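Just add 7 to wherever you are in the sequence shown, counting from 1, and you've got my numbering.
Every clue listed holds true.
Derived lysine to aspartate or glutamate pairs resembling DMTMM-like cross-links, with alpha carbons at most 20 Å apart:
| # | residue 1 | residue 2 |
| --- | --- | --- |
| 1 | Lys175 | Glu119 |
| 2 | Lys173 | Asp132 |
| 3 | Lys102 | Asp132 |
Derived DEER-like restraints, expressed as beta-carbon distance ranges:
| # | residue 1 | residue 2 | range |
| --- | --- | --- | --- |
| 4 | Arg96 | Val212 | 39 to 47 Å |
| 5 | Gly83 | Lys38 | 24 to 32 Å |
| 6 | Ser185 | Ser103 | 33 to 41 Å |
| 7 | Arg96 | Tyr157 | 12 to 20 Å |
| 8 | Lys152 | Phe192 | 15 to 23 Å |
| 9 | Leu230 | Gly128 | 33 to 41 Å |
| 10 | Leu95 | Lys37 | 24 to 32 Å |
Note that these hints are calculated values from the structure, not bench results. Values in this document were obtained by computation on a predicted structure and should not be read as measured data. Virtual Cβ for every residue (Gly too), placed ideally from N, Cα, C.
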Amino acid sequence: MHSLHSDLYAQESGYWWSTARRKLLLRLFKKVHPSGSDCRYAELGCGGGEFLLLLERAGIKAFGLDRSYEACSIAGSKGLCIVNADILRMPFRDKSFNRILAFDILEHLQDEKGGMEAISGLCGDGGIVFFTLPALNCLRTVRDKRLGHYRRYSRRSFERVLQEHKFKPVYSRYMFASLFLPLLFSRFIPSSSEHGEVWTAGGFVNRLFGVYFYLEGILTGLLPLPFGTSLVCIAQKC
Numbered sequence: 008m009h010s011l012h013s014d015l016y017a018q019e020s021g022y023w024w025s026t027a028r029r030k031l032l033l034r035l036f037k038k039v040h041p042s043g044s045d046c047r048y049a050e051l052g053c054g055g056g057e058f059l060l061l062l063e064r065a066g067i068k069a070f071g072l073d074r075s076y077e078a079c080s081i082a083g084s085k086g087l088c089i090v091n092a093d094i095l096r097m098p099f100r101d102k103s104f105n106r107i108l109a110f111d112i113l114e115h116l117q118d119e120k121g122g123m124e125a126i127s128g129l130c131g132d133g134g135i136v137f138f139t140l141p142a143l144n145c146l147r148t149v150r151d152k153r154l155g156h157y158r159r160y161s162r163r164s165f166e167r168v169l170q171e172h173k174f175k176p177v178y179s180r181y182m183f184a185s186l187f188l189p190l191l192f193s194r195f196i197p198s199s200s201e202h203g204e205v206w207t208a209g210g211f212v213n214r215l216f217g218v219y220f221y222l223e224g225i226l227t228g229l230l231p232l233p234f235g236t237s238l239v240c241i242a243q244k245c
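With these hints in hand, go ahead and build the complete structure from the sequences.
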């Protein structure tokens with residue numbers, strides 16, 4: 008699993024899936040971002056810090072937190088404010104932030120309830136949390152295990168989790184619908200890789216995939232589909 012995560016950190020800046028996802032999340036972020044300057048930002052599970060860099064270029068300073076020393080080293084080398092800590096033992100006071108980014112972290116926590124309570128405690132009243140999660144248990148493969156995923160989520164199941172922890176869902180959509188069938192069929196194909204597969208493409212094809220899935224994400228944001236391989240959700244603390 009370490010090697011697979013190392014590959015993902017190394018490819019984070021240019022990998023088609025990562026670039027399309029970041030652009031879509033930034034586009035969505037800007038829609039709900041207030042014009043005032045009284046917001047305090049944190050990204051939990053910040054990885055190599057690529058999304059934090061996008062925020063910084065937009066004039067938004069945010070703290071990054073990750074439990075991986077390797078990820079923190081990569082992000083810290085980019086001049087970002089990074090804390091090496093686990094989400095269940097965060098070195099921040101309650102209600103320290105009112106804009107929290109939690110991209111693909113909840114599925115890595117065996118203690119889902121503890122993770123949600125930690126996020127809720129960190130978030131100020133009325134604050135906004137952006138979540139992304141792997142979608143739909145029917146898509147669970149051996150790669151989920153290798154990545155340390157304990158679960159995948161449907162829109163309905165995650166909205167229940169939010170409501171149980173005093174969050175109100177304000178936006179919920181599936182992403183990357185075109186990958187649904189390939190990922191579903193991959194469940195029945197034995198993996199020959201010891202560390203799991205990262206779906207790579209080089210040069211022009213990589214850029215083409217990035218553009219295609221960015222445009223697909225814009226369309227599915229306007230015309231929601233009942234399936235996808237990722238789930239994006241925005242929730243407000245009640």
